[in-house]
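With chain A fixed as given, assemble chain B onto it according to the hints.
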Amino acid sequence: MLKIKNLHAGIENKKILKGINLEIKPGEVHAIMGPNGSGKSTLASVITGKEDFEVTRGQILFDGTDLDDMAPEERAHLGIFLSFQYPVEIPGVTVTNFMKTAINETRKAQGLEEMPANQMLKLIREKAELLEIDRKFLSRSLNEGFSGGEKKRNEIFQMAMLQPKLAILDETDSGLDIDALRVVANGVNRLKNEQNAFLVITHYQRLLDYIVPDVVHVMHDGKIVKSGDKELALELEEKGYDWIKQEAVL
Amino acid sequence: MDLKEKLLSSFMAFENQVDLDHPIHEMRSEALKNFETKGFPHRKMEAWKYTSLAGLQQVDFSIFPKEDNNLEYREVKPYFLHEIDTYKIVFVDGVYSSYLSETTHDGVDICLMSAALSKPMYRPIIDVYFNKVASREDSLTSLNTAFTKEGAYIYIPKNKAPRKPVEILHFSTGNEAALMVQPRNLIIVEENAELQVIERHQSLTSNEVLTNCVTEIFAAKNAIVDYYKVQNDMPGASLIDNTYIDQKDNSQVSVHTFSFGGKLTRNNLNFYQDGEHINSILKGVTILGEKQHVDHHTLVHHQQPNCESHQDYKGIYGSRSTGVFNGKIIVDKIAQKTNAFQQNNNLLISDQAEVNTKPQLEIFADDVRCSHGCTIGQLDEEAQFYLRSRGIPEKEASALLMYAFANNVLESVRIQEVKARINKLIAKKLGVNIGFNL
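From first to last, the protein sequence lines stand for chains A and B. Note that the numbering used here has the first sequence beginning at 1, numbered continuously upward. Note that the numbering used here has the second sequence beginning at 1, numbered continuously upward.
Don't read these hints as lab results, they were simulated from the structure. A hint or two may mislead.
As the list claims (entries may be wrong) - For each label pair, taking beta carbons as the anchor points, the in silico distance ranges come out as:
no., chain 1, residue 1, chain 2, residue 2, range
1, B, S412, A, R107, 57 to 67 Å
2, B, S52, A, N36, 53 to 63 Å
3, B, A115, A, P91, 46 to 56 Å
4, A, K5, B, E382, 49 to 59 Å
5, A, R57, B, S412, 18 to 28 Å
6, A, K14, B, R320, 29 to 39 Å
7, A, P91, B, S52, 44 to 54 Å
Claimed, not checked - The calculated lysine-lysine pairs, modelled on BS3-like cross-linking and capped at a C-alpha distance of 27 Å, are:
no., chain 1, residue 1, chain 2, residue 2
8, A, K3, A, K15
9, B, K395, A, K108
10, A, K14, A, K3
11, B, K160, B, K248
12, B, K337, B, K358
13, A, K18, A, K226
14, B, K395, B, K428
15, A, K223, A, K239
16, B, K119, B, K88
17, A, K165, A, K223
18, A, K165, A, K230
19, B, K248, A, K50
20, B, K395, B, K358
21, A, K192, A, K165
22, B, K328, B, K248
23, B, K395, A, K165
24, B, K419, A, K136
25, B, K44, B, K328
26, A, K108, B, K424
27, B, K428, A, K108
28, A, K136, B, K424
For glycine and all other residues, C-beta sits at the position ideal for the given N, C-alpha and C.
This is chain A alone, in the form it adopts within the complex:
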């Protein structure tokens, strides 16, 4: 599904990603861990097409399509989704209207008719229930005045609505208390199937108790320095990141 080959990227002459290789197949959950500043969030932004970053070498293939030069919305239409670490507050646009617009624009790009209003409402209700979201919440302005937990839950709600092929969760666990974490993880697990895939970026092992990864990668200084199974996450939790850094130097 996703194939990243020798990816180099940066911002204003500052190199951040220095040769990333990564392959994610349908049905897989990959976790990327690593210390602050190792390039995890940059990788997420580059995959979703944030224009601040420039790809200087390598390529990203999604279902065989080269994403180079594709706008963020075009990547979304292909089925790539990013759950933001810091979701943006947009006063004046309700969660419901936002979702309607996003879904119908995506359908338009895929050559489909707009979703009928009753079907849309049903979908919204169903997914809100999955994420244990109060109905009142849906008529509030997008992320405005939401608590950290509400914002993250709203991100996963959007994911559930859009049903992407590849969902990238950028530090979705930060700012969540244990109950919210359980709700979010439960939502993700219920949405997981053989056709889609998840890339979970996290600083801590905690989230991975709930969303169990097939592969764990460790990033350091713009590179994936180690990959393994879920045991690697536990090892990192125990030993911290220093040994990885030392290994990387060696």
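Then chain B, alone, in the frame of chain A:
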């Protein structure tokens, strides 16, 4: 001959059309003198620094419109708020159109200035209110006073509210190559009475039109007035709109100004709070493109204690458009416990667009809450990326953000059909269908 000369020399001909024995004629003559002395405002004056009337003064405007310019309803239907029933006071090239209007004298007076000036029964009210809150110093207001003849006259007696909102519409047919009109409106809302007005100046061709309008509004104790100004005129139309509002105890007056069109628009909106526990609400949405220019000059004069004012103006400027917001708040020494809020936020969506914003606070009382803020910025790139990452294309994402930016000003619009209409105008002006039910 420039416009000032032309206007001055036309006054004698104008006098042939009006009742010279009416006491207001003395006011007309005095006003003409003031205009003759001061002339048109110019850019060396602080209040006119960013708005030039020089070009308009070179246009050969017709001062006296023809009497027989009729329009069919179907030609102008889109400009009416036809979704709901309203009273209508309609002028075509400055002349009252009884055919397009629906006035009333059933418990309230919703009719014409010319009628109010000619019939003796209105004299006591004209004597008390006419030209009492309008400035006698401002030269353009004086120019309008001098040529006072026609406009809307609304009188709502104590404890009354008309069954439906009132639309005041001014159409220009374009039958003249260039036309100048000067409507004069007088609106009195007595104790405990209510009124809703929608006002629109609409040119039907690209011919040049200059409107110099003066509206006086008197809101007595406990009165509630909602006034909506829809400014979405053709590229040849210029408007100088002078509104003067006198408020008494516990009254609430709101003025919403929606500026989407026209060539040059100058809004002078003046509130005078003459009582306690008054609330004044001034809201504006401005969306401009091409070389359009809008200048909002607001004044709220807090003259008594325990009053409030709320100003919120949002502007979106594209292409080579220019905008001005100048918000003056005066709090007299006696006006303790005043709450005055002022907000002006602007988005510049092109490199050549320009906006000048200036709060002007003159506070002489010591126990007051006054806050003001103005911003000029671009669309938030993070927010744009966020929307686009959800599949919303760049253009729609920008429109959605601009719509959201302007949206909160519409929350206080109390006529649902007006809100829906303005929503559509905003979406149209932003050039996209934003995909959800407005």
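We went through each hint and held it up to the structure:
1. S412/B x R107/A: 57 to 67 Å: Given a distance of about 35 Å, which is not inside 57 to 67 Å, the answer is violated.
2. S52/B x N36/A: 53 to 63 Å: holds, 56 Å
3. A115/B x P91/A: 46 to 56 Å: holds, 47 Å
4. K5/A x E382/B: 49 to 59 Å: violated, 29 Å
5. R57/A x S412/B: 18 to 28 Å: violated, 54 Å
6. K14/A x R320/B: 29 to 39 Å: Given a distance of about 37 Å, which is inside 29 to 39 Å, the answer is holds.
7. P91/A x S52/B: 44 to 54 Å: violated, 36 Å
8. K3/A x K15/A: Satisfied, since the Cα-Cα distance of roughly 21 Å is no more than 27 Å.
9. K395/B x K108/A: holds, 14 Å
10. K14/A x K3/A: holds, 24 Å
11. K160/B x K248/B: holds, 17 Å
12. K337/B x K358/B: With Cα atoms ~24 Å apart, K337/B and K358/B stay inside 27 Å; holds.
13. K18/A x K226/A: holds, 15 Å
14. K395/B x K428/B: Holds, at roughly 13 Å.
15. K223/A x K239/A: holds, 20 Å
16. K119/B x K88/B: holds, 21 Å
17. K165/A x K223/A: Distance ~25 Å between K165/A and K223/A Cα, so the pair holds.
18. K165/A x K230/A: Roughly 22 Å separates the two Cα atoms, so the pair holds.
19. K248/B x K50/A: Given pair K248/B, K50/A is violated - Cα atoms ~56 Å apart, limit 27 Å.
20. K395/B x K358/B: It is violated: about 31 Å lies between the C-alpha atoms, which goes past 27 Å.
21. K192/A x K165/A: Roughly 10 Å separates the two Cα atoms, so the pair holds.
22. K328/B x K248/B: holds, 20 Å
23. K395/B x K165/A: Given pair K395/B, K165/A holds - Cα atoms ~25 Å apart, limit 27 Å.
24. K419/B x K136/A: holds, 23 Å
25. K44/B x K328/B: holds, 19 Å
26. K108/A x K424/B: It holds: about 21 Å lies between the C-alpha atoms, which stays within 27 Å.
27. K428/B x K108/A: holds, 20 Å
28. K136/A x K424/B: Distance of about 26 Å is within 27 Å: holds.
The earlier numbered hints that this structure contradicts are 1, 4, 5, 7, 19 and 20.
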